[in-house]
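Bring the two chains, given one by one in their own frames, into a single complex with the hints.
Respectively, the protein sequence lines represent chains A and B. Residues 0 to 279 (numbering that gives the first Met the number 0) are what the first sequence spells out, left to right. Residues 0 to 327 (numbering that gives the first Met the number 0) are what the second sequence spells out, left to right.
There could be a bad hint or two in this list.
With a straight-line Cα cutoff of 25 Å, these simulated SDA-like cross-link-like pairs (lysine to any residue) come out [stated by the list, open to error]:
no., chain 1, residue 1, chain 2, residue 2
1, B, LYS142, B, ASN172
2, A, LYS96, B, TYR194
3, A, LYS151, B, GLY198
4, A, LYS97, A, ASN137
5, A, LYS96, B, ILE75
6, A, LYS76, A, ASN137
7, A, LYS34, A, LYS96
8, A, LYS147, B, LYS322
9, B, LYS196, A, THR113
10, A, LYS147, B, GLY198
11, A, LYS151, B, HIS208
12, B, LYS322, A, TYR156
13, A, LYS96, B, LYS143
14, A, LYS151, B, GLN197
15, B, LYS196, A, SER127
16, A, LYS96, B, SER195
17, A, LYS151, A, LEU187
18, B, LYS322, B, GLN209
19, B, LYS196, A, GLU176
20, B, LYS143, B, ILE75
21, B, LYS143, B, ASN68
22, A, LYS147, A, GLY160
23, B, LYS196, A, GLU131
24, A, LYS151, B, GLN209
25, B, LYS196, A, GLY98
26, B, LYS196, A, GLN153
27, A, LYS151, B, ALA187
28, A, LYS76, A, ASN27
29, A, LYS151, B, ALA192
30, B, LYS196, A, SER152
31, B, LYS322, A, GLN153
32, A, LYS97, A, GLU14
33, B, LYS142, B, PRO83
34, A, LYS97, B, ASN219
35, A, LYS42, A, GLN206
36, A, LYS76, B, GLN209
37, A, LYS151, B, PRO270
38, A, LYS151, B, LYS196
39, A, LYS76, B, VAL111
40, A, LYS151, B, VAL189
The hints are simulated quantities; they were obtained by calculation from the structure and are not laboratory data. These numbers come from a predicted model, not from an experiment.
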Amino acid sequence: MEKETQMLDATPRDETLLEVNNIEVIYNHVILVLKGVSLNVPKGGITALLGGNGAGKTTTLKAISNLLRSERGEVTKGSITYRGERVQDLMPSDLVKKGVVQVMEGRHCFEHLTVEENLLTGAYTRGSSRGEIDADLNMVYDYFPRLKERRKSQAGYTSGGEQQMCAIGRALMSRPETILLDEPSMGLAPQLVEQIFSIVKSLNEEQGYTFLLAEQNTNVALRFAHYGYILESGRVVMDGDARSLRENPDVKEFYLGMSDEGRKSFRDVRSYRRRKRWLA
Amino acid sequence: MPDQLIFGMEVVLNGLMAGVLYALVALGFVLIYKASGIFNYAQGVMALFAAMTLVGMMEGRVPFSHLINAIFGTEIHHFGWHLPGLAAVLLTMLIMVALAWIVNQLIFRHLVNQEPIILFMATIGLAYFLEGFGDMMWGSDIKKLDVGLPQGINLMIDETTFNIFGYGFFIDNLDLVATGVAALLVVALVIFAQYSKQGRAMRAVADDHQAALSVGISLNFIWVMVWSLAGFVALVAGIMWGTKSGVQFSLSLIALKALPVLMLGGFTSIPGAIVGGLIIGVGEKLFEFTVGPLVGGATENWFAYVLALLFLVFRPQGLFGEKIIERV
Numbered sequence: 000m001e002k003e004t005q006m007l008d009a010t011p012r013d014e015t016l017l018e019v020n021n022i023e024v025i026y027n028h029v030i031l032v033l034k035g036v037s038l039n040v041p042k043g044g045i046t047a048l049l050g051g052n053g054a055g056k057t058t059t060l061k062a063i064s065n066l067l068r069s070e071r072g073e074v075t076k077g078s079i080t081y082r083g084e085r086v087q088d089l090m091p092s093d094l095v096k097k098g099v100v101q102v103m104e105g106r107h108c109f110e111h112l113t114v115e116e117n118l119l120t121g122a123y124t125r126g127s128s129r130g131e132i133d134a135d136l137n138m139v140y141d142y143f144p145r146l147k148e149r150r151k152s153q154a155g156y157t158s159g160g161e162q163q164m165c166a167i168g169r170a171l172m173s174r175p176e177t178i179l180l181d182e183p184s185m186g187l188a189p190q191l192v193e194q195i196f197s198i199v200k201s202l203n204e205e206q207g208y209t210f211l212l213a214e215q216n217t218n219v220a221l222r223f224a225h226y227g228y229i230l231e232s233g234r235v236v237m238d239g240d241a242r243s244l245r246e247n248p249d250v251k252e253f254y255l256g257m258s259d260e261g262r263k264s265f266r267d268v269r270s271y272r273r274r275k276r277w278l279a
Numbered sequence: 000m001p002d003q004l005i006f007g008m009e010v011v012l013n014g015l016m017a018g019v020l021y022a023l024v025a026l027g028f029v030l031i032y033k034a035s036g037i038f039n040y041a042q043g044v045m046a047l048f049a050a051m052t053l054v055g056m057m058e059g060r061v062p063f064s065h066l067i068n069a070i071f072g073t074e075i076h077h078f079g080w081h082l083p084g085l086a087a088v089l090l091t092m093l094i095m096v097a098l099a100w101i102v103n104q105l106i107f108r109h110l111v112n113q114e115p116i117i118l119f120m121a122t123i124g125l126a127y128f129l130e131g132f133g134d135m136m137w138g139s140d141i142k143k144l145d146v147g148l149p150q151g152i153n154l155m156i157d158e159t160t161f162n163i164f165g166y167g168f169f170i171d172n173l174d175l176v177a178t179g180v181a182a183l184l185v186v187a188l189v190i191f192a193q194y195s196k197q198g199r200a201m202r203a204v205a206d207d208h209q210a211a212l213s214v215g216i217s218l219n220f221i222w223v224m225v226w227s228l229a230g231f232v233a234l235v236a237g238i239m240w241g242t243k244s245g246v247q248f249s250l251s252l253i254a255l256k257a258l259p260v261l262m263l264g265g266f267t268s269i270p271g272a273i274v275g276g277l278i279i280g281v282g283e284k285l286f287e288f289t290v291g292p293l294v295g296g297a298t299e300n301w302f303a304y305v306l307a308l309l310f311l312v313f314r315p316q317g318l319f320g321e322k323i324i325e326r327v
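In isolation and in its complexed conformation, chain B is listed as follows (with noise of 0.2 Å):
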């Protein structure tokens, strides 16, 4: 087999299991889209706050220090203990839990029936806010996650594939994880959002808030519930993301991917999401690796606002979106 096309090989293996990554940030969208019809600009910096209190947890660093240091002249940063990983995700979970509450509370309560318009820009304000409130709280140092998942090259798929081609592929453990840990979560979505009374409840909320309304679905429960998924599924993107990077303020840009992922696979379909992930995945490494060259190079950045963009064009509600009905 010519050298070209392993490597080719090993190229759209690696963009699949970047683009799961892209698909699970853009999964957080699609809940709170699919629920309320708001776009949640917030969503990449709420996976980056997920991580930083993961890690505060982890660590048992003092929240506020900073601040408290400043205003009564203390030295104190850590609690002194370290948690174990499974007990600080839990914790985190049930911080965004009231994350989403008190999100639901002061913002989304009062803003019922609003124009589209204004919920987003109540979700830039969320996302600036939220980012300068985990740096109070955290400090905006990078940090290093670790929760004890699997890291490093696969050497099972090294040696199978060496055997095979004569080249061993290499194939990070925690992509493996993580390619795992999405597709259950997207399993668990859809038959939740399908066949659960709730999930039918949030379907419903987001075709007509009012009607929602009169017949008796808490509008202010069916938020809370899905921002909480939301907050959730931002955590599972944190940990995975702030395992392989670091958890530094870049985290949350990762969600300027999660749009053309969207676009793609339509904003209101959850495995469109993941769809659209690896395809921006997939095409976005090809293309670096077949075209970029003759370019050169550095088309990651663009490739998938260009796809987004042609999308928009000839397909605007994305591959599995809902179609947009309108009766004349």
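One chain only, chain A, in its complex shape (with noise of 0.2 Å):
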């Protein structure tokens, strides 16, 4: 299956990055959340992870992040390597420090902090000079030129739409290899998220960001990924590059919601054929 995975995707400059490998995460000790997931994530590429509410995107980002410990999560089965090395026991900021950052679902700006204090925070972790991280904070407001104009507000004053850049600025002041997007379209009107997941494209392409993103809208997410994970309660049920998930009839008909023979009644619908797919 792994060696399937190589195979299907189209681009071949990649190099694994991230590697999780079956994990299985049990928050409070009892609930369990994560039933053994894999994924690849490729350099240069954006991954997506894709799945409905409650699947476990955020949490196998916050896995992945180690965010989980705050919230009295854990990762009780499967490995997590980053370049090969093991990373699931590290402190967040150790994590920040070799290159992988989140963005948080739901913004979590600072909100009392201005938008160019908030950018600051970003960073924190970078023993740089000044003058380095102005040239960073120059290049965050040239992709996104209404965080400038905004820059002496407070971040809580700000719309969704600037929080949520707001807050991929930030992380891109750390100078990360890999960002973790959890959910930017949340609450954003249809024509933001398109301009937000243009700006994250063009930061893949012009400047050689990794993504691995969580999205609810399938739609967006797989026009912009490379390659994509369906994630069903806690299993990924499903992967291959974007095209080829694009055009699978059991995507299209539960999360794109079209189907050959056009819209349908819910009487219709037929019981999900989920492919299954084991993993040692």
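Structure (structure tokens):
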């Protein structure tokens, strides 16, 4: 199965950065949330993690970035490696220093700090000089001109879209290699979603950032991503490169709301023929 | 000039001086609240503990001497040395940093992302523990503290005011020192919080623990740093109050006076702590001076709390507190 995954991927440039191997996550010692999730994130790609509410997308991202512990969650089985190195026992700050940074679901800007101060906290782990940080600040402002206009306002008073930009910009300030982006479309108007995704795309293409993004909006995500994994109740049920997923009849019907026979009534909906996927 | 007015002026001045001391205690609260959203009930006890430790260091007392004597039947009380004030202050500061580290390791590290009320309860527990621990370590007797700060009436002010008004104001030198120290502390802390990298990280942590973690800020480091700073402020407050009225249990109760100060100034504002302290200090002295005789006195005990109540009704974030940002 792993081999097949590699072959399916259309772009051969990939060197795998992040490897999640059959992890199981338990919250509060009793609630089993992930039941064996495996995925690979190739360097320089945009990998999408898709699925409905409660499928385990956010938990997967938090397991990678080690933010689970503060929510009483724990990776009990499996392994997570970054550049071949086991990372699951590191502190979140050490992982940021290694180049993996997460943009959390729901933005989480520092409300009482100004937009610019928010961005500067992103550079916390860096020992760089003021000049280098200023250069990066300008880079972020180039990609998000809106943030430059709002730089002196408190982040709590900016709009949802601006806060999302602020959160992404803040992550960029740590000079990451891989960005874990959790639900960037949440609560935003379709136009803004489009705008944010195209900025992500250009960051990926021009600056070479690797993205792993969790998204409910399957349609948008599959248009911008290179490769996708579909999660369902804590398991990966399907994966493939974005185009093949877009054309898969199951994905079309269950995630994109289309089918070959046009729109259907609820009475005719088939029961889900899930493609099982077992990993050792 | 009428006597009443001149006397009133002296009252205001004394109120300002008392206010500075309230503000010193309030500062410690603000620091911890700003960085972790914890209302640290133990701040007053920390000031007491710091002052006790300082006295113990200076007089060369043996820590836990009562306990040791009771168990081993020995009679040791003193090491037999006396440390100079400055050395003792530095040593005490080290102990306060150690205390900050221990408190974080044993308590707050395990309570990341918990409700504020849980954190608050933890600080109440800490307050009682520290109170008992301090007594066990250094004994519960009232101790005299003298680190060599000037005390007594300031003759220069006495003389100048006598020449102008024909009546000399009584201003304690210690209060003047306290004012200077408090002003210095506030300026330093404001600059630190607003413009330094660690200060910015501290404010970030206060806003959102999880997001701070996600950008690579180490909560443990920031919390130990903030508790150490609060320990330092507690030490300064402990020195001032201890020098003024002896190191004794009632020192930990001044923390209660800091509460109205915080409600006035705002829980999150460092300058607010000072302004709030001054307003309470002057307000309660002036109120006692003007209205006190009409209602039979003893207004100082409740004036601050009534003022705080009014603020809670009309301006809950205080004068300088951060507006609560609520997005709908």
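Right, here's what the structure says about each hint:
1. B:LYS142 / B:ASN172: Judged against 25 Å, a Cα distance of about 21 Å means the pair holds.
2. A:LYS96 / B:TYR194: holds (23 Å)
3. A:LYS151 / B:GLY198: Holds. LYS151 of chain A to GLY198 of chain B sits at ~18 Å (cutoff 25 Å).
4. A:LYS97 / A:ASN137: holds (23 Å)
5. A:LYS96 / B:ILE75: violated (52 Å)
6. A:LYS76 / A:ASN137: violated (42 Å)
7. A:LYS34 / A:LYS96: Distance of about 29 Å is beyond 25 Å: violated.
8. A:LYS147 / B:LYS322: holds (24 Å)
9. B:LYS196 / A:THR113: Holds. LYS196 of chain B to THR113 of chain A sits at ~14 Å (cutoff 25 Å).
10. A:LYS147 / B:GLY198: Holds. LYS147 of chain A to GLY198 of chain B sits at ~23 Å (cutoff 25 Å).
11. A:LYS151 / B:HIS208: holds (23 Å)
12. B:LYS322 / A:TYR156: holds (11 Å)
13. A:LYS96 / B:LYS143: violated (51 Å)
14. A:LYS151 / B:GLN197: holds (20 Å)
15. B:LYS196 / A:SER127: holds (12 Å)
16. A:LYS96 / B:SER195: With a Cα-Cα distance of about 20 Å, the restraint between LYS96 of chain A and SER195 of chain B holds, given a limit of 25 Å.
17. A:LYS151 / A:LEU187: Roughly 23 Å between the alpha carbons, so the hint for LYS151 of chain A and LEU187 of chain A holds.
18. B:LYS322 / B:GLN209: holds (21 Å)
19. B:LYS196 / A:GLU176: holds (23 Å)
20. B:LYS143 / B:ILE75: Within the cut-off at roughly 20 Å; holds.
21. B:LYS143 / B:ASN68: Distance of about 23 Å is within 25 Å: holds.
22. A:LYS147 / A:GLY160: holds (14 Å)
23. B:LYS196 / A:GLU131: Cα-Cα ~15 Å, so holds.
24. A:LYS151 / B:GLN209: holds (23 Å)
25. B:LYS196 / A:GLY98: holds (20 Å)
26. B:LYS196 / A:GLN153: holds (18 Å)
27. A:LYS151 / B:ALA187: holds (23 Å)
28. A:LYS76 / A:ASN27: Since the Cα atoms of LYS76 of chain A and ASN27 of chain A sit roughly 15 Å apart, the hinted pair holds (cutoff 25 Å).
29. A:LYS151 / B:ALA192: holds (17 Å)
30. B:LYS196 / A:SER152: holds (19 Å)
31. B:LYS322 / A:GLN153: holds (11 Å)
32. A:LYS97 / A:GLU14: holds (17 Å)
33. B:LYS142 / B:PRO83: Given pair LYS142 of chain B, PRO83 of chain B holds - Cα atoms ~17 Å apart, limit 25 Å.
34. A:LYS97 / B:ASN219: Holds - the C-alpha atoms of ASN219 of chain B and LYS97 of chain A are around 19 Å apart, at most 25 Å.
35. A:LYS42 / A:GLN206: Judged against 25 Å, a Cα distance of about 12 Å means the pair holds.
36. A:LYS76 / B:GLN209: Satisfied, since the Cα-Cα distance of roughly 24 Å is no more than 25 Å.
37. A:LYS151 / B:PRO270: holds (21 Å)
38. A:LYS151 / B:LYS196: holds (17 Å)
39. A:LYS76 / B:VAL111: At roughly 24 Å apart (the allowed maximum being 25 Å), VAL111 of chain B and LYS76 of chain A satisfy the hint.
40. A:LYS151 / B:VAL189: Judged against 25 Å, a Cα distance of about 19 Å means the pair holds.
Hint check: violations occur at hints 5, 6, 7 and 13; the rest are consistent with the structure.
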